[in-house]
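There are 2 protein chains.
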Amino acid sequence: MDQKIYNNHNACQNLKRLSQTIKNKTSHLKTLIQTKNRLKNFSMQLDGFFYDFSKQRVNDSILKELFLLARQTGAKKKFSQMVSGETVNVTENRPALHTAARDFSKDHILLNDLDVIFEINKVNQQIKNFTEKIHNKEIKSSAGKPFTDAVVIGIGGSYLGCEFVYTALKSSIKPIINLHFLSNVDIDNFGQIIKTIPPETCLWIIISKSFTTTETMANLNQVLLFLKDNNLDPANHLVKVTAKGSPGDDPLSSGLESFHMFDFIGGRYSVTSAVGGLPLSLAFGFDIFNFFLKGCHTMDLHALNTREENNIPLIAALMSIWNSNFLEYPAQAIIPYSSALSNLCPHVQQLYMESLGKGVSVTGEIINHRTGVIIFGEPGTNAQHSFFQFAHQGSSFPIEFIGVVKPIYNKGQAKSQGVYNHQELWANMIAQAKALAVGKDDEDKAKYFSGNRPSSTILINDLTPESIGMLLAFYEARIVYEGFILGINPFDQFGVELGKVLATNIRDQIKRKNEDTAYDFSSLDPSEKFYLDVLFKGSL
Amino acid sequence: MDQKIYNNHNACQNLKRLSQTIKNKTSHLKTLIQTKNRLKNFSMQLDGFFYDFSKQRVNDSILKELFLLARQTGAKKKFSQMVSGETVNVTENRPALHTAARDFSKDHILLNDLDVIFEINKVNQQIKNFTEKIHNKEIKSSAGKPFTDAVVIGIGGSYLGCEFVYTALKSSIKPIINLHFLSNVDIDNFGQIIKTIPPETCLWIIISKSFTTTETMANLNQVLLFLKDNNLDPANHLVKVTAKGSPGDDPLSSGLESFHMFDFIGGRYSVTSAVGGLPLSLAFGFDIFNFFLKGCHTMDLHALNTREENNIPLIAALMSIWNSNFLEYPAQAIIPYSSALSNLCPHVQQLYMESLGKGVSVTGEIINHRTGVIIFGEPGTNAQHSFFQFAHQGSSFPIEFIGVVKPIYNKGQAKSQGVYNHQELWANMIAQAKALAVGKDDEDKAKYFSGNRPSSTILINDLTPESIGMLLAFYEARIVYEGFILGINPFDQFGVELGKVLATNIRDQIKRKNEDTAYDFSSLDPSEKFYLDVLFKGSL
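Read top to bottom, the protein sequences are chains A and B. Add 752 to the 1-based position in the first sequence for our numbering, that's all there is to it. Add 752 to the 1-based position in the second sequence for our numbering, that's all there is to it.
Calculated from the structure, these hints are not laboratory results. Only a predicted model underlies this, so the values are computations on that prediction, with no experimental measurement involved. Some hints here could point you the wrong way.
Simulated coverage check for chain A against chain B, where a stretch passes if three residues somewhere in it have a Cβ under 8 Å from a Cβ of chain B [what the hints assert, rightly or not]:
#1 970-980
#2 1170-1180
Lysine-lysine pairs mimicking DSSO-like chemistry, simulated, CA-CA at most 27 Å apart [claimed, not checked]:
#3 B:Lys-1158 with A:Lys-947
#4 A:Lys-926 with A:Lys-1158
#5 A:Lys-782 with A:Lys-885
#6 B:Lys-829 with A:Lys-1289
#7 B:Lys-858 with B:Lys-768
#8 B:Lys-1252 with A:Lys-782
#9 A:Lys-1158 with B:Lys-830
#10 A:Lys-1281 with B:Lys-792
#11 A:Lys-816 with A:Lys-792
#12 A:Lys-782 with A:Lys-1252
#13 B:Lys-1263 with A:Lys-1197
#14 B:Lys-782 with B:Lys-1192
#15 A:Lys-926 with A:Lys-885
#16 B:Lys-922 with A:Lys-1197
#17 B:Lys-1252 with A:Lys-1199
#18 A:Lys-889 with A:Lys-874
#19 A:Lys-1158 with B:Lys-980
#20 A:Lys-816 with A:Lys-782
#21 A:Lys-858 with A:Lys-889
#22 A:Lys-829 with B:Lys-1197
#23 B:Lys-1167 with A:Lys-947
#24 B:Lys-1158 with A:Lys-1252
#25 A:Lys-1197 with B:Lys-1252
#26 B:Lys-792 with B:Lys-816
#27 B:Lys-1167 with A:Lys-1263
#28 A:Lys-922 with B:Lys-947
#29 B:Lys-816 with B:Lys-829
#30 B:Lys-1197 with A:Lys-1252
#31 B:Lys-792 with B:Lys-775
The beta-carbon is built from N, C-alpha and C at its ideal position, and this holds for glycine as well.
Given these sequences and hints, build the entire structure.
As structure tokens, then:
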């Protein structure tokens, strides 16, 4: 909602009032969670995906108003517009069709003269053919050897989602091709990567929509030099994922093959496009990638077709808005009790904070209420030994726990204290959510726990591609819903532009000094000049 | 400061007033940073360590009051008491002597009948001898082979600091023994580790002060089973770092050797003890570890002996208190523009949030002002493509940038757009700090940047062990100073106890069900029962 709506909305006014009553002693979570049928009434299940919001600081009246807010802001209608290809990304004047990348229910989505479904299927077929040839050893390296490794060169949305899915799946599926990720322009990042890959059997996947992303192009240049030093031909070692017509899409330019990505899918929502499709199909085969897409589609259909009161991502969005805008929590932690999900948080951190960290409404007014919160997290139980002291006795923040019902590594386990490791993990996850909610009184105030600290718990059945797909699409849908209800555009990112402009200015100065050692940075401000002098001097 | 002091302290009252004036338009950072000699007056250098707070929302009057606050709370005196072994950890009735672990300036620190320096030197000598024998191949595996790998089994403070230092150093120093880290009780974490290590040449280092840490003991049990399955003798493959007299310190129990850790050094401050000393000496040799200790000592001496106005960690603590308690920022990001420092943030997150996330003053009163903030971060430029949209246009949070003057990988680099990768990295770091501070007006409000977003920048000369030591000790000293000034105990962690107690209860229930499949969890609350039923059923 924009500022006006936020101030005047029926539901908002009621929610503001309710946010005061929920602070009463009688509404402490330790009391709320004892309400009859609390878990049953405050949880939701979809196939192998379970969402428990019974330990959020909400009651029936608050839920009712939150659903009213969703209706009054037209959230479901906007979601439906998004899925059908309307121009929901208004500032950039384009649709946001990541759901089309895994839409098995439609034969066509027309965008002017373009059939989106046809284009996506074409790219997927190309990925299938190409990766099969790599796996069958029809396509080999310039040294005549079959490929064993691939380095994904991309930054932000061009790798975070793919890295999350790769890390999650490789715990149960042995990769045919091992993936590595080179994102940072830091030359030491490149230096570390080349220590770990076999040059002669390594494929390099360059991912950039515009094929002008500074970091990716800088790393590509390092790779070209590296291939040359190793007498390897880029024509046999480079693959590109880029927009049709970008500088990288030149059929005459070096490289094995180009795969298209599209303007109608934003970077951070692009895991299910060729951005994730090519590397994940290389790693596990196209069929596995397709199962992953099916999991996403299951969640998409649920998000699209289910009424507000039973719609899991929509409810999660409402919990998030309740916590950030009414209870004024500034952050949320994501704590998967699963090592395989260790890269989920960095992905969601980007997806969420880049989508919702906005200062302006979709109609162009500056807004003063909170849009999104800080997302951070580490896997449990690790996090318990890291920042859970703060979670229990410092400033409060909501937590999302994630549990996996079936572990992967299941053979020949030892028991400790009468339980298996996976059971120990769950004992801790269950205990933490409860401890945060109920707290504990103690005369020694150093041992006093205020409690009343909210959390949700998500369960997924296993770490199969379908379950990982549902988890990914859950976060995408939830974040989009949150943006729609807040009345902001979750698809643009103008906030990254100013830094780019200023960096270009400084880069130009460095370039001039590289060309002429006598150049003295006198046009810069004293601070910029100081830093560049240190950089060129090579020490403080 | 406790609540009373916080409300009545001279300096606090003045700072509260000043926090209003700094919100005036004329005090916008874009104006502040143009003050004459701003960088010179708001930065500080110690050898190869540089701290720039010129882009913090402070002026001379505020600084003056902050230094007064440091004096009125006796921060430096408390630091000095800490270093000399007084009982600064009052709730646990013991000293906090991590600085003694690298104190090359003292011959003795007496604690009742114990000479701390003598005990530490003895352990270090033992580490030196043992790791030399491993490196010289005098000590071999039970298969008669020299060791190539070591897995550190420990959680929280028993591995985060060591992992940070190992990751930082291995970018420039080739490890003699490769380290791996097994922290999580998640069985999939163990499953992933054993895929990557060679069983016959792998050493397992068990780190637990009490030798009862649930996760560490559960993982130890998995390892014992694994060694048995591989016909390897634990007597040749296990090493322990534990307290004198703990169950793991039994000379008759299996294992190559035990190294002592001490009650007077807390887990999260223990990197410079045997907790980091043994693994890091195995990886790089004891001499490298010793250089690292010397870097820490340089910073310790500076923190101890330098007057408030020139004391880098103390100033950093004051900036943090100003931002959290007076400007009310709820979080701080740490953004190293260096891949090698990618594990710094998880370490500082623990160090900071576990030390300062407290609800009670050192004198036992509940406090309502903020103690510490949420710490999160990713390396730059990655973070720019992840959550910097939020940093520029969402809710504001202070950022600490970290730059390394000399890169490691320096040979045969390609240029892009006229600059080397390392120069590109710096261009971005400099540009981001400036963009956050100055902002940019725009008629199109989607492209408007409010600016006035504070940051600090730290530079270290290089990634040598000395520089990494200075960086580690800087954060330790800064956090301890912040605790002393806030009047809380930065050394205890009672906030993790309640979760442990509740987990024990659930573990007991699981154990009973493991022993008797008919057991039905009827004594648990409906929510706990639901989760355990799902766990035992194996699916939702």
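Each hint tested on the structure:
Against chain B, the region 970-980 of chain A contributes 6 residues with a C-beta closer than 8 Å to a partner C-beta. That satisfies the three-residue criterion, and the hint holds. Closer than 8 Å: that is the beta-carbon criterion, and the region 1170-1180 of chain A has 11 residues meeting it against chain B, so the requirement of 3 holds. A hinted pair counts as satisfied when its Cα atoms are at most 27 Å apart, and B:Lys-1158 with A:Lys-947 qualifies at roughly 20 Å. Restraint check for A:Lys-926 and A:Lys-1158: the C-alpha separation of about 18 Å stays at or below 27 Å, so the hint holds.
Between A:Lys-782 and A:Lys-885 the alpha-carbon distance is near 59 Å, which puts this suggested pair outside the 27 Å criterion. Between B:Lys-829 and A:Lys-1289 the CA atoms are separated by roughly 38 Å; this puts the pair beyond 27 Å, and the hint is violated. Between B:Lys-858 and B:Lys-768, the direct Cα distance comes to roughly 42 Å. Violation of the 27 Å bound is thereby established for this hinted pair. A distance of roughly 18 Å separates the Cα atoms of B:Lys-1252 and A:Lys-782; the hinted pair therefore holds under the 27 Å criterion.
About 50 Å separates the Cα atoms of A:Lys-1158 and B:Lys-830, which puts this hinted pair outside 27 Å; it is violated. With a C-alpha separation of about 12 Å, the suggested pair A:Lys-1281 and B:Lys-792 falls inside the 27 Å cut-off, and the hint holds. Between A:Lys-816 and A:Lys-792 the CA atoms are separated by roughly 16 Å; this keeps the pair inside 27 Å, and the hint holds. For the proposed pair A:Lys-782 and A:Lys-1252, the alpha carbon gap of about 48 Å is over 27 Å, so the pair is violated.
Pair hint B:Lys-1263 plus A:Lys-1197 does not hold up; C-alpha atoms about 33 Å apart against a cutoff of 27 Å. Between B:Lys-782 and B:Lys-1192, the direct Cα distance comes to roughly 10 Å. Compliance with the 27 Å bound is thereby established for this hinted pair. Between A:Lys-926 and A:Lys-885 the alpha-carbon distance is near 19 Å, which keeps this suggested pair within the 27 Å criterion. Using a Cα cut-off of 27 Å, the hinted pair B:Lys-922 and A:Lys-1197 is violated, with the two alpha carbons roughly 44 Å apart.
Proximity of B:Lys-1252 to A:Lys-1199 is assessed by CA-CA distance (about 13 Å); at most 27 Å being required, the pair is judged to hold. Restraint check: the Cα-Cα separation between A:Lys-889 and A:Lys-874 comes to about 23 Å, which is no more than 27 Å; the hinted pair holds. As the CA atoms of A:Lys-1158 and B:Lys-980 are separated by approximately 26 Å, the hinted pair is consistent with the 27 Å bound. The suggested pairing of A:Lys-816 with A:Lys-782 holds, with an alpha-carbon distance near 21 Å, which does not exceed 27 Å.
Taking the CA atoms of A:Lys-858 and A:Lys-889, the gap is about 34 Å. The hint is violated against a cut of 27 Å. Simply put, A:Lys-829 and B:Lys-1197 have alpha-carbon atoms about 26 Å apart, close enough for the 27 Å limit, and the pair holds. A threshold of 27 Å between alpha carbons decides the hint, and for B:Lys-1167 with A:Lys-947 the separation of about 21 Å falls inside it, so the pair holds. As the CA atoms of B:Lys-1158 and A:Lys-1252 are separated by approximately 23 Å, the hinted pair is consistent with the 27 Å bound.
Proximity of A:Lys-1197 to B:Lys-1252 is assessed by CA-CA distance (about 18 Å); at most 27 Å being required, the pair is judged to hold. Only pairs whose Cα atoms come within 27 Å are accepted, and B:Lys-792 paired with B:Lys-816 is accepted, the gap being roughly 16 Å. With a C-alpha separation of about 10 Å, the suggested pairing of B:Lys-1167 with A:Lys-1263 holds against the 27 Å cut-off. The suggested pairing of A:Lys-922 with B:Lys-947 holds, with an alpha-carbon distance near 11 Å, which does not exceed 27 Å.
Proposed proximity of B:Lys-816 and B:Lys-829 is supported: the alpha carbons are some 19 Å apart, at most 27 Å. Between B:Lys-1197 and A:Lys-1252 the CA atoms are separated by roughly 18 Å; this keeps the pair inside 27 Å, and the hint holds. Between B:Lys-792 and B:Lys-775, the direct Cα distance comes to roughly 24 Å. Compliance with the 27 Å bound is thereby established for this hinted pair.
The structure does not agree with the numbered hints 5, 6, 7, 9, 12, 13, 16, 21 stated previously, though it agrees with the rest.
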